[in-house]
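Modelling step: build the complete structure from the supplied sequences, incorporating the hints.
There are 2 protein chains.
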Amino acid sequence: MSTALPAALVAELSALLGADGWRMDDGALEANAQDNSWRHQRPAAVALPADIEQVQALVRACRTHGVALVARGAGTGTTGAAVPLPGSIVLSFTRMDRILGIRAGDRCAVVQPGVLNGTLQQALAPHGLFWAPDPSSAEICSIGGNLACNAGGPRAVKYGTSRDNVLGLVAVTGTGEVIRCGGAYTKDATGYDLTHLLVGSEGTLALIVEATLKLTPLPVSQAGLRVLYRDADAAAAAVSRLMSQPVVPTRLEFMDARSLQLLRLNGADVPEAGAMLLVEADGDHDTLPYLLQALATAAEGDGMIELDVAMEGRARDQLWAARKALSPALRSVAPGKINEDVVVPVSRIPELVSGVQALAREYALTIVTFGHAGNGNLHVNILYHPDDADENARAHAALPKIFELTLALGGTLSGEHGIGLAKRDFMAQAFTPATLAAMRAIKHAMDPDGILNPGKVLPPV
Amino acid sequence: MSTALPAALVAELSALLGADGWRMDDGALEANAQDNSWRHQRPAAVALPADIEQVQALVRACRTHGVALVARGAGTGTTGAAVPLPGSIVLSFTRMDRILGIRAGDRCAVVQPGVLNGTLQQALAPHGLFWAPDPSSAEICSIGGNLACNAGGPRAVKYGTSRDNVLGLVAVTGTGEVIRCGGAYTKDATGYDLTHLLVGSEGTLALIVEATLKLTPLPVSQAGLRVLYRDADAAAAAVSRLMSQPVVPTRLEFMDARSLQLLRLNGADVPEAGAMLLVEADGDHDTLPYLLQALATAAEGDGMIELDVAMEGRARDQLWAARKALSPALRSVAPGKINEDVVVPVSRIPELVSGVQALAREYALTIVTFGHAGNGNLHVNILYHPDDADENARAHAALPKIFELTLALGGTLSGEHGIGLAKRDFMAQAFTPATLAAMRAIKHAMDPDGILNPGKVLPPV
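Taken in order, these protein sequences are the chains called R and E.
Here the first sequence is numbered in the UniProt record's numbering, starting from 1 and rising by one per residue.
Here the second sequence is numbered in the UniProt record's numbering, starting from 1 and rising by one per residue.
Treat the hints with caution; some may be incorrect.
[To be verified] Lysine-lysine pairs mimicking DSSO-like chemistry, simulated, CA-CA at most 27 Å apart:
(1) 158(E) to 401(E)
(2) 158(E) to 158(R)
(3) 214(R) to 214(E)
Don't read these hints as lab results, they were simulated from the structure.
Here the structure is a predicted model, which means the values were calculated and not measured.
If you want it as structure tokens, here you go:
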């Protein structure tokens with residue numbers, strides 16, 4: 001693929017999309033050149049279609065000219081999935097940002113892909129409803145992006161990820177055809193499940209242009225526990241106990257000793273301990289104390305140091321502020337950060353945590369581990385100074401070892417960030433050749449000329 | 001395709017599978033000739049592989065000879081999905097019926113496809129766990145069959161269908177390759193979601209040879225309400241109210257006036273009413289009364305006649321016995337029954353129920369409607385005498401009208417039975433040509449020679 005767009009394509013698309021919908025100026029190219037993986041590549045142009053028909057025309061034109069199309073929501077992804085390829089056109093969904101309907105009686109909303117997660121939550125609150133996915137970028141990330149990478153967040157342990165909270169999709173395939181699957185209903189045994197297939201496919205199979213989202217009633221009341229443990233093993237064992245009794249926590253977050261150190265370094269009032277769990281429940285005023293009691297009972301056990309019941313209000317807010325402060329605090333330790341989101345079976349969390357600690361020692365690196373323990377989904381953060389060539393090399397040498405460890409424990413590469421470019425070359429370790437071949441065959445079925453976000457998700461053959 | 005198997009194939013497969021695994025006798029052919037749709041077609045042979053390698057070899061041999069393979073669990077499906085094609089080989093999973101592992105700490109079980117749903121539930125109970133799907137045939141249907149048709153049941157309103165309760169699959173594609181996707185973890189953003197795609201594909205994309213199932217802790221306690229309404233509209237409005245408050249019922253079943261009449265005809269002690277809801281909740285001894293109170297409050301409203309709290313024990317058992325007696329009771333009215341399982345958005349249930357009543361009048365038919373109202377998934381049973389040519393014709397003329405009504409209300413053909421042969425020719429009404437084309441492209445990607453259950457799910461081009 002040449003890096004200059006064919007003149008005929010530029011003429012066609014600028015006429016189709018108009019001045020608001022077709023940008024080739026430096027400002028637009030630069031604004032769409034990277035995501036939160038900090039990879040950087042300017043596209044050849046940015047297309048901002050206003051409706052489904054424009055998306056179809058855009059796809060057809062790109063197909064005719066063999067030009068790659070990279071779908072983009074708000075650019076908050078961490079894997080490079082939205083980072084342009086040389087000579088590609090970014091398809092930004094910024095202008096397709098309308099909430100098309102909120103159907104409270106059917107517990108669903110119909111939205112365009114450019115709607116921000118935070119905007120949707122605000123619109124839903126007066127109806128007493130919410131959409132479950134709550135990535136840490138919720139205020140500024142788009143629903144289309146959430147669906148494209150199957151975003152999760154702490155709440156997923158009770159309410160599921162993006163894939164679990166979508167009922168139907170309208171999408172444009174690599175041939176420019178509109179497909180419609182699912183709808184405003186919660187049970188479906190009619191034909192192939194294209195809806196869930198498209199979620200997590202990162203704009204490589206089809207472009208999501210409309211989504212029917214499953215909504216959940218806002219709980220009346222929430223409350224949390226802060227539980228300190230002697231070491232990571234004791235906390236991990238508590239996670240197993242918590243997840244094998246009937247009360248499902250709303251959030252169940254793990255923080256290792258280094259996470260707690262970091263919080264203290266940044267002035268947070270967190271006692272010394274080997275590890276900490278934040279456990280939360282929701283319900284109504286009558287039932288919540290019982291739920292919390294069940295969770296507290298499960299959290300208790302060998303190695304528990306202290307259990308604080310922090311009910312609603314300021315104490316609870318402080319707990320979660322401390323958790324949210326962790327990710328930015330990492331930058332104060334070292335400017336470089338490789339933030340992974342591996343997943344293991346819940347019973348294997350102790351081995352993951354101790355294995356990561358062993359790798360940190362072996363490679364002389366600071367690795368901070370915290371995250372969504374109820375789902376076995378931990379953020380393993382390798383911290384390093386990019387200018388220190390030796391440390392940089394050790395950081396990037398440790399990464400494959402972390403994936404190796406995760407896979408050996410029966411886990412997988414990503415729980416909520418997706419693959420993009422960052423983890424693409426580890427896919428061959430995660431899947432058998434036959435499984436990757438099946439994925440490639442499906443890619444070919446939906447996008448026969450390979451114009452939709454080529455080179456992402458699947459490793460080169 | 002000829003209806004006689006090539007001699008070379010017979011020789012190869014009988015040598016591969018042995019006497020226990022290769023049957024061409026009348027008894028075996030007859031035993032595998034129909035499902036619960038009462039369609040009947042003998043296969044050319046029945047293969048009963050004992051392991052994954054035998055499944056692979058079987059697929060490869062059939063592919064070489066261009067012979068169709070029809071996967072079969074326990075044959076309890078209602079759509080003809082497991083009914084053989086002339087000259088086809090039935091692949092029965094009867095001998096692959098082992099529970100490979102119960103991992104209580106990870107809330108999952110690994111099973112072969114031939115394990116019966118009821119057998120699994122029994123094995124799980126001592127661990128305090130269950131698998132959510134509870135079709136009415138639960139005692140005698142297979143997990144593989146449940147996954148193949150995305151089986152549900154009353155419990156799906158709280159706990160989801162088969163698709164919502166599977167974490168990973170091992171499957172053999174139409175080329176005989178083994179694919180492995182997902183695993184013993186509950187969050188996954190790694191590559192394309194083949195797992196959920198295969199669920200509900202009725203053996204047409206790949207053969208499920210192993211499944212990792214998501215388990216749920218058994219609730220400590222359950223309780224139910226029986227609520228009578230003036231008419232179906234009042235009951236349907238109550239369903240909407242019940243589903244838009246935060247306490248999700250464990251089961252929420254609707255029965256129309258004809259269903260209640262039928263129960264009384266069969267000696268059940270059910271008062272006169274226009275419609276009835278059975279509402280159930282689960283929890284622990286402390287919280288259950290509050291949950292039940294929230295549901296009772298939502299069930300109350302215009303048109304409610306009577307609300308009975310039937311707590312645990314005999315009263316609750318009687319309620320559910322009455323509900324379960326309904327399906328067999330239908331046969332006492334008329335020997336012919338077309339049992340559909342359409343789905344509509346919950347808010348459209350009143351229109352579905354009144355529309356079905358109007359069709360019953362227009363076609364002079366008895367149509368009984370009951371089912372899983374919390375999911376908008378209603379069983380519409382057209383009753384008729386097959387020997388009465390005129391009534392038979394009216395019954396089959398009314399069926400497309402019911403699908404038309406369902407689709408016009410924004411619903412879909414099947415919530416839990418699947419498509420098979422029975423609803424295949426209505427798929428072109430449910431989906432756009434481009435959507436069907438995408439499904440066909442995926443079929444071709446997974447089964448390029450079309451040997452896996454051809455002619456099911458997708459209508460002929």
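Each hint, compared with the structure:
The straight-line distance between the Cα atoms of residue 158(E) and residue 401(E) is roughly 30 Å, outside the 27 Å bound, and the hint therefore fails. For the proposed pair residue 158(E) and residue 158(R), the alpha carbon gap of about 12 Å is at most 27 Å, so the pair holds. A hinted pair counts as satisfied when its Cα atoms are at most 27 Å apart, and residue 214(R) with residue 214(E) qualifies at roughly 20 Å.
Hint compliance for this structure: hint 1 is the single one not met.
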